[in-house]
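J.: Kindly produce the complete structure, drawing on both the sequences and the hints.
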Amino acid sequence: EAGVAQSPRYKIIEKRQSVAFWCNPISGHATLYWYQQILGQGPKLLIQFQNNGVVDDSQLPKDRFSAERLKGVDSTLKIQPAKLEDSAVYLCASSDSFSSYEQYFGPGTRLTVT
Amino acid sequence: GENVEQHPSTLSVQEGDSAVIKCTYSDSASNYFPWYKQELGKGPQLIIDIRSNVGEKKDQRIAVTLNKTAKHFSLHITETQPEDSAVYFCAASISYQLIWGAGTKLIIKP
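Residue numbers (this note's numbering), protein chains in the order written: chain A, 1 to 114; chain B, 1 to 110.
One thing to keep in mind: the hints can contain errors.
Under the rule of at most 30 angstroms between Cα atoms (straight-line distance), these lysine-lysine pairs were calculated in the DSSO-like manner [what the hints assert, rightly or not]: (1) B:K42 / A:K62; (2) A:K44 / B:K68; (3) A:K78 / A:K11; (4) A:K44 / B:K58; (5) A:K15 / B:K42; (6) B:K71 / A:K44; (7) B:K57 / A:K44; (8) A:K83 / B:K42; (9) B:K22 / A:K44; (10) B:K71 / A:K11; (11) B:K22 / A:K11.
Worth flagging that the hints you see were computed from the coordinates, not collected in a lab.
T.: Laid out in structure tokens, this is it:
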């Protein structure tokens with residue numbers, strides 16, 4: 001079974017620019033998560049989708065971050081405009097249902113904002 | 001809300017010795033406690049988990065114990081090997097969302 005795919009793996013942008021990250025979850029997984037992991041910290045949940053609907057986006061900075069999962073499969077996370085403090089690894093994870101505890105993670109996208 | 005504290009932040013052990021990482025949580029409603037291993041440049045990988053109705057679980061060289069009364073749980077790795085070197089995260093789950101500890105960097109000395 002293929003794992004969670006993410007691209008790009010690395011991205012360097014200047015502050016105030018925009019950036020987008022893509023995630024393809026494990027086939028058949030209904031629940032998709034985006035996390036932000038700042039160096040030296042545990043992952044912080046940004047947004048959770050169940051199929052193409054948002055379950056929780058309470059920690060998503062909505063003035064600059066947006067995410068979508070239009071067909072209930074792939075997802076895109078966008079930052080516009082980026083700030084220096086957005087430098088982090090952005091992790092995508094999936095689980096087979098809303099009521100499943102086990103989450104499977106992709107390799108992440110390392111974002112550097114200069 | 002839930003808060004998870006993890007100790008130590010760095011742990012260095014001799015190859016072959018045991019390693020223990022401890023976590024405490026604040027919300028007694030938490031009912032699922034996974035441990036993840038994260039190697040450099042990779043996403044976290046689930047290595048073992050325990051549910052609130054179980055006190056201990058073992059899988060080969062790794063084990064997890066849970067003390068619900070004290071609200072703490074621990075990861076035990078025996079006979080450590082070089083490939084155990086990584087950052088380990090504990091987490092606690094309420095309503096299927098994970099609250100993470102800050103991580104422990106485990107260093108295995110040859």
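J.: Each hint should be assessed against the structure and marked as holding or not.
T.: Each hint tested on the structure:
1. A C-alpha spacing of about 27 angstroms is found between B:K42 and A:K62, which places the hinted pair at or below 30 angstroms, so the restraint holds.
2. Note on A:K44 and B:K68: the hinted pairing holds, with a Cα-Cα distance of about 24 angstroms set against a maximum of 30 angstroms.
3. The hinted pair formed by A:K78 and A:K11 meets the criterion: a straight-line CA distance of about 13 angstroms does not exceed 30 angstroms.
4. A threshold of 30 angstroms between alpha carbons decides the hint, and for A:K44 with B:K58 the separation of about 28 angstroms falls inside it, so the pair holds.
5. For the suggested pair A:K15 and B:K42, the alpha carbons sit about 25 angstroms apart, so the restraint of at most 30 angstroms is met.
6. Taking the CA atoms of B:K71 and A:K44, the gap is about 22 angstroms. The hint holds against a cut of 30 angstroms.
7. Simply put, B:K57 and A:K44 have alpha-carbon atoms about 27 angstroms apart, close enough for the 30 angstroms limit, and the pair holds.
8. Using a Cα cut-off of 30 angstroms, the hinted pair A:K83 and B:K42 holds, with the two alpha carbons roughly 24 angstroms apart.
9. Between B:K22 and A:K44, the direct Cα distance comes to roughly 20 angstroms. Compliance with the 30 angstroms bound is thereby established for this hinted pair.
10. About 40 angstroms separates the Cα atoms of B:K71 and A:K11, which puts this hinted pair outside 30 angstroms; it is violated.
11. Restraint check for B:K22 and A:K11: the C-alpha separation of about 35 angstroms exceeds 30 angstroms, so the hint is violated.
When the structure is compared with the earlier hints, violations turn up for hints 10, 11 and for no others.
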